Amino acid sequence: MNRIVMASDGDLNVGISSEDELNAFVSEKRGQGTYLSVLGFGSGNYQDAKMETLADYGNGSYHYIDSADEAARVYERFLAAGAVPVADDVKLQVEFDPRMVESYRLIGYANRVMADDDFRNDAADAGELCAGAELTVAYEVVLTDEGRRREGDEPWLTCAVRYQPAGERAGEAPAEQRFAVGRESWSAEPGDDWSLAAAVVEFGMLARDSEFVGTATADDAAALAESSASSLDATDRAARRELTDLIRQAQRNAAFDGVVAAS
Numbered sequence: 001m002n003r004i005v006m007a008s009d010g011d012l013n014v015g016i017s018s019e020d021e022l023n024a025f026v027s028e029k030r031g032q033g034t035y036l037s038v039l040g041f042g043s044g045n046y047q048d049a050k051m052e053t054l055a056d057y058g059n060g061s062y063h064y065i066d067s068a069d070e071a072a073r074v075y076e077r078f079l080a081a082g083a084v085p086v087a088d089d090v091k092l093q094v095e096f097d098p099r100m101v102e103s104y105r106l107i108g109y110a111n112r113v114m115a116d117d118d119f120r121n122d123a124a125d126a127g128e129l130c131a132g133a134e135l136t137v138a139y140e141v142v143l144t145d146e147g148r149r150r151e152g153d154e155p156w157l158t159c160a161v162r163y164q165p166a167g168e169r170a171g172e173a174p175a176e177q178r179f180a181v182g183r184e185s186w187s188a189e190p191g192d193d194w195s196l197a198a199a200v201v202e203f204g205m206l207a208r209d210s211e212f213v214g215t216a217t218a219d220d221a222a223a224l225a226e227s228s229a230s231s232l233d234a235t236d237r238a239a240r241r242e243l244t245d246l247i248r249q250a251q252r253n254a255a256f257d258g259v260v261a262a263s
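End of the sequence shown = 263 in full-length UniProt numbering, gap-free, step of one.
Honestly, the hints are just simulated from the structure, not real lab data. Please read these numbers as outputs of a predicted model, since none were measured by experiment. Incorrect hints may appear among the rest.
Taking lysine to aspartate or glutamate pairs in the DMTMM-like style, the calculated list, with each CA pair at most 25 Å apart, reads [unchecked claim]:
| id | residue 1 | residue 2 |
| --- | --- | --- |
| 1 | Lys29 | Asp48 |
| 2 | Lys29 | Glu172 |
| 3 | Lys50 | Glu70 |
| 4 | Lys50 | Asp66 |
| 5 | Lys50 | Glu21 |
| 6 | Lys50 | Asp97 |
| 7 | Lys50 | Glu28 |
| 8 | Lys50 | Asp209 |
| 9 | Lys29 | Asp11 |
| 10 | Lys50 | Asp88 |
| 11 | Lys29 | Glu19 |
| 12 | Lys50 | Asp125 |
| 13 | Lys29 | Asp125 |
Kindly produce the complete structure, drawing on both the sequences and the hints.
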């Protein structure tokens, strides 16, 4: 497996400068087994969407580097020798039981949504997953009266995961797994990881001025982020508190035009 690491601000003005040409070039190399990971640096004229698109075409990952600590973390988790892809074209499909779930909404992934038919269309490109990596997908769910009353192990939803084996298993038939999620997964006292995910979701909706923001506030998001680090060791606690610092910084940033600062 070969991986190219591109460090840039996305302002492509040397060599292949056309976005379409570069995307086609990256896609061609991906088909030959070369992955592209993108590291973003800079501000002002930074081309965020372009950088993410390049990583998507290259079956790679995209990371914005804002500090030396973040550079070290990204290298260790995503670029070091152990960060070997184990699954290509990873797709998730979630089916909710209408008896149990009245309504649902996918939070985020707006540029990752694909047609239902593409779930088993192996020509439809999706992302890679490396060994040891984790993927989080968040939904807002409203249960029906029956769903709120019902006890036992009847599932609220079924999640299917489909992927192409990568690395030494490249070329094998696509794999698909399904699992059910129900009341046994619900907790009135969610753990640290749940609190962190909730903080990211809440802050993300505030930062984008989402129409679904409801009563969310930056203070609430910061409190969730802070609480998510309560039981961790000093190193992990410091890493998670970076999110708290980011939220507080955003509150002070006039660029948010009051969306976050006034919350």
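Here is how each hint holds up against the structure:
{"no.": "1", "hint": "Lys29 with Asp48", "in the structure": "22 Å, holds"}
{"no.": "2", "hint": "Lys29 with Glu172", "in the structure": "20 Å, holds"}
{"no.": "3", "hint": "Lys50 with Glu70", "in the structure": "21 Å, holds"}
{"no.": "4", "hint": "Lys50 with Asp66", "in the structure": "18 Å, holds"}
{"no.": "5", "hint": "Lys50 with Glu21", "in the structure": "13 Å, holds"}
{"no.": "6", "hint": "Lys50 with Asp97", "in the structure": "38 Å, violated"}
{"no.": "7", "hint": "Lys50 with Glu28", "in the structure": "18 Å, holds"}
{"no.": "8", "hint": "Lys50 with Asp209", "in the structure": "22 Å, holds"}
{"no.": "9", "hint": "Lys29 with Asp11", "in the structure": "21 Å, holds"}
{"no.": "10", "hint": "Lys50 with Asp88", "in the structure": "21 Å, holds"}
{"no.": "11", "hint": "Lys29 with Glu19", "in the structure": "15 Å, holds"}
{"no.": "12", "hint": "Lys50 with Asp125", "in the structure": "18 Å, holds"}
{"no.": "13", "hint": "Lys29 with Asp125", "in the structure": "14 Å, holds"}
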